[in-house]
Amino acid sequence: MSALRFEPDDKYNAFLTVCKAPEGGNGKLSGIPVAVKDNISTQGIETTCASKILKGYIPPYDAHAVELVKAAGAAIAGKTNMDEFGMGTSTENSAFGPTLNPRDTGRVPGGSSGGSAAAVASGMVRMALGTDTGGSIRCPASFCGIVGLKPTYGRVSRYGLIAYANSLETIGPMAANVLDVSLLMSVIAGHDRHDATSQDRPYSHTPSADIKGTRIGIPQEYFGAGVDPAVAAVVKKAIGRLEELGAVTVPCSIPSMEYALAAYYVICTSEASSNLARFDGVRYGPAVEIKKSWHAAFQDARREGFGPEVRRRIMLGTFALSSGYYGKYYAKAQIARENIRKDFARLFADVDVLCGPTMPTIAFKLGEKSDPLSMYLSDILTVPVNLAGIPAISVPCGTVQDMPVGLQIMGRPFEDERVIDVAYAYEQGGQP
Amino acid sequence: MTGPEPETQVVVGLEVHCQLDTKSKLFCSCSTDYRNDGPNTHVCPICLGLPGTMPMVNKKVIEYAMKVAKALNCEIAEESEFARKNYFYPDLNKAYQITQYDKPLALGGYVEIEGDDGKERKIQLTRIHVEEDPGRLVYMGNAERGRYSLVDYNRAGIPLIEIVSEPEMRSPKEARKFLNKLRATLEYLGVFDSDKEGSLRVDANISIKGSERVEVKNITSYKGVEKALTFEVTRQKNLLRRGLKVDRETRHYLEARGITQSARSKEMENDYRYFPEPDLRPLRVKSWVKDIALPELPDARRERFVAQYGCSLNHARTLTGELKTANFFEAVVAKNKDSCTLAATWIADTLTGELNYRDMGIDGVDPVKFAGLIALLKAGTITDKSGVEVLRAMLDEQHKGETVETPQAIVKRLNLGKTAGDDGAIHAAIKEAISENPKAIEDYRAGKKGAMNFLVGQVMKKTRGRADPGELNKLMETALKSLE
Ligand SMILES: [Zn+2]
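As they're listed, the protein sequences go chains A and B.
Counting in the working numbering, the first sequence runs from 1 upward without gaps.
Counting in the working numbering, the second sequence runs from 1 upward without gaps.
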């Protein structure tokens, strides 16, 4: 073990905690500083989920993915900023201030893994761990012009990831290029007995740029209403380049996408309302006023500890699960989710991957999306992947107004290798 | 009081929560053996519910629960599922309990009891499901310095099964029998230890036919169930007798006072917002059933005791009603192969009574020493009365934590050996009895039969029961005749 020096000039508020002399070791990631999103537990390093309610919480254990990264010799460089508990698309919902987009500090880096994306995009670290519940890796990767993979659900252990929406989210790798994303993925993937939903599907793949004959589906919904035509044009051009590299494109449709956003928000808020109930000021976070009754004290702690977006989602989820409404919301959302899964399965019987934009727009300006609903709508192209549990990657494919645009490549369950290959092919041969 | 006596058919259903006696907790590998250790010593990030931790199912718990389900003739579900029951309470570290809701592990089944009418009856079960125990609150402080609570999470994550019966018991007594039978079955299966404090908790619902149902929560002892229900029957009958109605409500049982008390109505308004636990996959374990071997269960053992040892049905029922008693009996008769019925009587009647009186369990009683006592009785070395005295001496020694003497030693020390005819002591006692009771002698002479019995009784008293009654009668007769 040897200590590295890590003293970045963090102009973008990407880090919540910086580890100035992190320990490195021997292995695949020997000596590489890796940034870790602040909702992933790190033993001995404050882990807050960018929430006041967890201020001062130092986990006594490492998340499984962190354990693996450390075992591969990497040094934990610090903890990155995010939307509080992962609830947001801009990293503006952090109790500790927004992260700025290194490409244009007047714009957001995307979210919720905005800190990780900014840390990579600005060159402060070579790679980072993010988490993706409804696009939280792919969106900031797209907005900051880096590569981010949302692995197949179950491929990377969630143990130690502070849950926001268990059935949707996963930890995943972020880096400046596909090879580094693939390298980090090879370290964190695999079965973990602590996560009952994890699968014994390790990843040991060397990316190949040969995509001759790969069948790419182009869902019309990914180029429909709400998608900035300039962004659509850049992505279409990128897909054209993939065709030149030997891929075959097939137009297709995901009719169930109409319900994806609603289903997503019902499921994630429902699960969140339960997951976040444990933050009552008794065991961690700022101490509660013990002179008050327990009921009054924990209500105070929650009112003061959670930001407005978190409170909004807890209330939405509590409502959706309450008796008399469960059938109307949660149960219906599960049906919609099943339909989305089926739509993807149907498409993947014919094509190998699906391609489209990662985000409908380029990074928005700080404070631009003050209305929560318009923010929610920007998740439309990323949430279907989480509902279906499939892998998807965002790889930079050009710019609009000098801001990066991400190409999203979605694949069959446990074919993370294939989406990596298509991304790698584009990255290597994207510019003719 | 006017009007006819209201209809008073009682209907009782039980929800029984039992801690399963596995070595580790339900969702982590912490030890379950926490009772003698300090607070929060048997905890880890998982059972503390620390952010980011996830449950992993202890296979042994599912096996134990399935053993119970098989023994109680339940159907194992093709697919069952864990669910979250959400509510805020400081002892609930995640603010939800992982339990099973609409997809329990097992459905149906029954427990057979001897009904109040003396006939065996099957009490049908609704379901059995698996869940985690919450932590425990310890109330501290006092009126002057303010009250507060401390939380101990040692108990958090201890595996529980909840066994839910149909409302088919007709009296508090039947409820007790149901519970006793259930406990015996679980103990025979080796999955439950009823001696552990807090290992059993019961919620009961009780109604008088035609009236609203009342739920009684928080019963934590075997005896408490019958007491709480008896209190409720009386309370509800009184209400009906006075022409009032029984409210549908939840009541708490206050063990110390033996009464039930209405819970604040707020507590009933809980909406638990159940939904499937997203961190666990559904259980598909039905195929395991065929590989689960069941030991001999209480009913089978009872029948065997009747057939093999010639026990009466009642004795066999008492002896097999608790695993330890049944094992004790078999250990004793192994030493006294020709004294089975004698041993059965002495254990089922005498020993059980003496233990109850002292509030002792059968655990500490040494079957070898007890077998020695049976041998003395069988050989006629001591009388039954002396036998009880020896037993009491043994139990008292045990109770005080002293070394328990052998029955032979006690007989010797207390001089309880049956007096032989030529024993000077008995002759002396007869002489004394005759000289102290001239009235009785007169009566005897006058031909009053009772006089002889009275004098024999006096001698018995003086010899503290050592004299063999038959022999004493003969000696007394001779002595009285010689007076003439
Ligand atoms: Zn534990």
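Hints may be right or wrong, so weigh each one.
As the list claims (entries may be wrong) - Heads up, simulated EDC-like pairs for lysine to aspartate or glutamate below, C-alpha to C-alpha not over 20 Å straight-line:
(1) B:K461 <-> B:E477
(2) B:K196 <-> B:E303
(3) A:K328 <-> B:D271
(4) B:K59 <-> A:D200
(5) A:K332 <-> B:E81
Unchecked claim - Covered by chain B, according to a simulated footprint, are these stretches of chain A (three or more residues, beta-carbon under 8 Å):
(6) 58 to 70
(7) 151 to 161
(8) 191 to 197
(9) 268 to 276
(10) 281 to 295
(11) 317 to 325
If you are wondering where the hints come from, they were derived from the structure by calculation, not from laboratory data.
Owing to the predicted nature of the structure, the values given are computational and were not obtained by experimental measurement.
Where a beta carbon is used, it is the ideal one built from N, C-alpha and C, also for glycine.
* To do: Please name the hints from earlier in the document that this structure breaks, with their numbers sorted from lowest to highest.
  => Hint 2 alone not satisfied by this model.
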